[in-house]
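Below, each chain spelled out in residue letters.
Number of protein chains: 2
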Amino acid sequence: MNDTASDEEERITLTHGTGGQATRDLVSETLTAGFEDAGDALVGLADFDDGAVLPVGDKKLVVTTDTHVVQPPFFPGGDIGRLAVSGTVNDLAVMGATEVRGLTSGVVVEANYPREKLERIADSMAEACREADAPVVSGDTKVMGNGELDGITINTAGVGVAEHVTPDSDLSPQDVIIVTDTIGEHGIALLAEREGIDFEADLESDVQPVNDLLAAVLEVGGEAVTAMKDPTRTGLAGALNEMARKSEVGIEVTDERVPVTGDVTGAGELLGLDPYQIANEGVAILGVEPTAAEPVLAALRDHPKGENAAAIGKAIDDHHGRVVLDTGIGNRYMREPSKEAVPRIC
Amino acid sequence: MNDTASDEEERITLTHGTGGQATRDLVSETLTAGFEDAGDALVGLADFDDGAVLPVGDKKLVVTTDTHVVQPPFFPGGDIGRLAVSGTVNDLAVMGATEVRGLTSGVVVEANYPREKLERIADSMAEACREADAPVVSGDTKVMGNGELDGITINTAGVGVAEHVTPDSDLSPQDVIIVTDTIGEHGIALLAEREGIDFEADLESDVQPVNDLLAAVLEVGGEAVTAMKDPTRTGLAGALNEMARKSEVGIEVTDERVPVTGDVTGAGELLGLDPYQIANEGVAILGVEPTAAEPVLAALRDHPKGENAAAIGKAIDDHHGRVVLDTGIGNRYMREPSKEAVPRIC
Ligand SMILES: Nc1ncnc2c1ncn2[C@@H]1O[C@H](COP(=O)(O)OP(=O)(O)OP(=O)(O)O)[C@@H](O)[C@H]1O
Ligand SMILES: Nc1ncnc2c1ncn2[C@@H]1O[C@H](COP(=O)(O)OP(=O)(O)OP(=O)(O)O)[C@@H](O)[C@H]1O
Ligand SMILES: [Mg+2]
Ligand SMILES: [Mg+2]
Ligand SMILES: [Mg+2]
Ligand SMILES: [Mg+2]
Ligand SMILES: [Mg+2]
Ligand SMILES: [Mg+2]
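Residue numbers (UniProt numbering), protein chains in the order written: chain D, 1 to 346; chain G, 1 to 346.
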């Protein structure tokens, strides 16, 4: 093996971590190529969904994990602790497990890290746990040498029980596509902070657990909620493309219906970032059968976390695997981000 | 907050990561101080055990996590991939969940890492998964910038179902203490490798999943197996002290009965390391009611991973919370490692 090989193909790049096609290829071709899926998984490794679903007795157990490496760890609207809890709670919730049974917390911290910062992060985790009614039940703590890790990383895995599983692959033509909140806030706020730009705008991450909101959705929507996904690293565009591809439908989205704040649009323009292509950490995308769309929207808007919810389009039996954006003056494909996606955003 | 504070107490140190008292203090005083335990946990955060136990339907679900930061990631006898699977499988198994339902894999890798190394690590995970009959069901992949992470870390969380839960706190006086294999191999092999010393001895990590071995133990021992623990970061001494403390018994160990290879003893002497105080990654400690000790030992020795199993002592109703070592010429307390413990050993 040659550590000084110059061939870029042989090296991991930041693009491998952006959650899009490069990540998927790395996962399927390298990281899991030799893995055997659980024989009895209802949703398993091969499904590439937000979590796995395993039968445990007569229950459907959802299992998921995310490691959080966000930079900076404290950002407007949240920090790595709130993110670590929210990210995993939301992956469980979009699989249908809005009731969290337990989280694990794997903290890795650099020697010389200020204990006071660790305290703030832990407090923030505790607060998000209360908000999500999600207890941390087990954990692990490792310290790496000074200079061996840039600060702190936190892995959270989670388990929950789903009555009705909502994979990202079960859209049918005519299903209404709903987003539960305004788009782009986490990514734009984080990037603005990182660039050190003061926009005189109120840019804050949307990072929050939305399992309570999705519980309200499932309560009124039930089986008519056909698919859910959280639009994280690859943004709205990435999540919609993945839902379209896996469900073997097209998705039609009307640009002007997508809720985005003026501040996010403005900052996005100045930063050269598309709010559709950047991470959200407190939003879910739903596919809902047409008859249930109105009651689900009403339930969402009744909830403090769903006031800005909107039906942005629908699944169609055309343009399979693609997302068609109606821009008002014509159509274009909404593509998932590729190389432009930014590292350490979550 | 003062980033240049010189007061050592305010900074995280390598000692906080060695798994002993400093780690426990950091976890309870800082990392989980504000956490609320799961209301229905059978074994929860407060128990500080190898994993948590949660009721799911009529099953007992065991949940655990470990992040692996071992340095070097490839070492004699294994690598970080094999370690990541074995470590979590073993934490499930010593809680009684010898049947693994699913693992998660959270990989964080440094940009510019050779893909070929990642491939070898993934292959090694796959092999350990097959060995443990433990499928990875979900995962996550992040890339940090070059210089932001020293290579690779892997978090594995795991879930399994236990019939009979075997916490580390249920020893009763007279219970026989059994170790399933020779002691000290992982830590001594790793440190020898790190020091670059060639001992002309066969020093290899013992890293392996032992859930199959412990299934055989539970098969013959059943409820008479009162306690199990894997002696990882803090070694045999740390694990025994923790079992004694939590069970409110003393533990009496006869030095010459503890299986240690001559190579490990010799290398330990040269390295200035006590094999009792260093990590094992393929060994379990059992507490067994006296009547079941012989059948359990027989079952262990019948198994390729248990050939060197030995009864090394017993729980006593004296010296509560302490481990008394009979050295042949008298007694001394076997203390758990404190500051001497080495970083990034697992
Ligand atoms: N190292 C890995 N091992 C096994 N599976 C992996 C690994 N990395 C990712 N996966 C799988 O790939 C799929 C996509 O992972 P990804 O992390 O993008 O999903 P996500 O957690 O929903 O998104 P995000 O991480 O942006 O929040 C998931 O099904 C996940 O289980
Ligand atoms: N960051 C954390 N948050 C919550 N609980 C934690 C955290 N770190 C450790 N714990 C808890 O502290 C206890 C001891 O953890 P530790 O990691 O030492 O156990 P282990 O995994 O059995 O040992 P090792 O990590 O050496 O393999 C466990 O009950 C664990 O759940
Ligand atoms: Mg997701
Ligand atoms: Mg996620
Ligand atoms: Mg641990
Ligand atoms: Mg353990
Ligand atoms: Mg462990
Ligand atoms: Mg993920």
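Think of the hints as simulated: they come from the structure by calculation, not from any bench.
Certain hints may be false.
Identical copies look the same in the list; a pair holds intra-copy or inter-copy alike.
[Stated by the list, open to error] Capping the alpha-carbon separation at 16 Å, the derived lysine to aspartate or glutamate pairs in EDC-like fashion look like this:
hint, residue 1, residue 2
1, K117, E10
2, K305, D212
3, K59, D123
4, K117, E29
5, K246, D317
6, K305, D263
7, K59, D317
Keep in mind it's a predicted model, so treat the numbers as computed, not measured.
Quick rundown of the hints versus the structure:
| no. | hint | verdict |
| --- | --- | --- |
| 1 | K117 - E10 | between (37 Å within a copy, 10 Å between copies) |
| 2 | K305 - D212 | within (9 Å within a copy, 47 Å between copies) |
| 3 | K59 - D123 | neither (32 Å within a copy, 32 Å between copies) |
| 4 | K117 - E29 | between (38 Å within a copy, 14 Å between copies) |
| 5 | K246 - D317 | within (13 Å within a copy, 62 Å between copies) |
| 6 | K305 - D263 | neither (19 Å within a copy, 62 Å between copies) |
| 7 | K59 - D317 | neither (34 Å within a copy, 43 Å between copies) |
Violated hints for the displayed structure, listed by number in ascending order: 3, 6 and 7.
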